[in-house]
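Those sequence lines, one after another, are chains B and H.
The opening residue of the first sequence carries number 7 in this note's numbering; numbering runs sequentially from there.
The opening residue of the second sequence carries number 7 in this note's numbering; numbering runs sequentially from there.
Hints may contain errors.
In this list, chains with the same sequence are indistinguishable; a pair is considered to hold if it fits within one copy or across any two.
Heads up, simulated DSSO-like pairs for lysine-lysine below, C-alpha to C-alpha not over 27 Å straight-line [stated by the list, open to error]:
#	residue 1	residue 2
1	Lys145	Lys74
2	Lys164	Lys214
3	Lys74	Lys164
4	Lys214	Lys74
5	Lys150	Lys164
6	Lys145	Lys214
7	Lys74	Lys172
8	Lys214	Lys27
9	Lys98	Lys74
10	Lys145	Lys27
11	Lys74	Lys27
These are calculated hints, taken from the structure and not from any lab test.
There are 2 protein chains.
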Amino acid sequence: MDQDLNKHSNETRGMNRRERKREEACLDILGAATQVFRERGFAGAGMREIAAAAGLSAATLYYYFHSKDEILYFCQDRTLDRTLDALQLARKTRGPVAERMMTLAMTHVLCLIEGVEGTAAHFEVDPVTPGLREAITAKRERYKDGICALIALGIRRKEFRRCKPKFAMRGFLGALNWTPHWYQPDGPDSVQEVARHIAEYAVAGLLKRG
Amino acid sequence: MDQDLNKHSNETRGMNRRERKREEACLDILGAATQVFRERGFAGAGMREIAAAAGLSAATLYYYFHSKDEILYFCQDRTLDRTLDALQLARKTRGPVAERMMTLAMTHVLCLIEGVEGTAAHFEVDPVTPGLREAITAKRERYKDGICALIALGIRRKEFRRCKPKFAMRGFLGALNWTPHWYQPDGPDSVQEVARHIAEYAVAGLLKRG
């Protein structure tokens, strides 16, 4: 999975070797932080415990992240970048809107349940530091607007049922975003299978009957 | 809304006057607790602050609830009872499964965004007291099993597309359960309108095309 993540980042953001190293270190810290957040809750977790869990000195941890809020931001921002890349692809691709949204929905679910960011998606708190919070909110708005535009396109092309895109977008994202609430990484279903079934449901909610 | 809640409770549980009084007091406390939880987070809230917000002495608050965990349980248990009533109705009613699930989905969303329980649905923590947590989990399982059974019935009757009910149930509940995350009580859309659009999306995800 780490390899896939790096592949993704390298391709989309043209990272040099030093940046890649940094990103790897940040992902390791995120993995350790996830454990601490799970055990103590986000509010109860301290930078000292996160450093210990990551096997780092506090000084080294602070070199990468100034606060646990920044760790959370790193996680959410990365996930958002991946879903925005998928949105961009869905908008540029030709062909049935339903197919494009199927690919987008699958990527979205995989971002939430796969890899370190996925396991961290459970926190469900937003960064509180001014600037970080606004940056996350702005990207989320961009993503939601893009989904609405795709739904509106599907309606115009008579692929999708007539509905208000803003509500359909909320239902669509709800079906996807709920996945980390119930998905058991050690359960019988693979991430791919879960993503496919949930994406099929989410796209079916948009389709025209007959 | 309080009137509707009481109407519901009276009808379904045959409360006497004393029980009704108690329930009203509990709902008032829940309203006050909601404010405190919002301001301080569930973990940071104290019974003392909740008593103050409700305009009660600590002793009176403890007469109704022994802990904030019990307040949370009261809220979740009540909401679950209402959705289980709706499920029961959907299973007993005759006619198209899609119509019955539409009514169920609307009730579910209204439970989450309407009234005091609705505003409290945002907490997204489960009671930690043994017994309380298990009771909530058991009711949730019952509800999920019932939804799966209805979906399976819709598939057998060829109203619903062929799918695995356990995944469709997750998508269906995800679309509904996500509503409190984005719904703005002071926004332009009424609770009824929101519930209808989201329920339409959620049921559309199950329907057969053509």
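- [ ] Go through the numbered hints given earlier and state which of them the structure violates, listing their numbers in rising order.
- [x] 3, 4, 6, 7, 8 and 9
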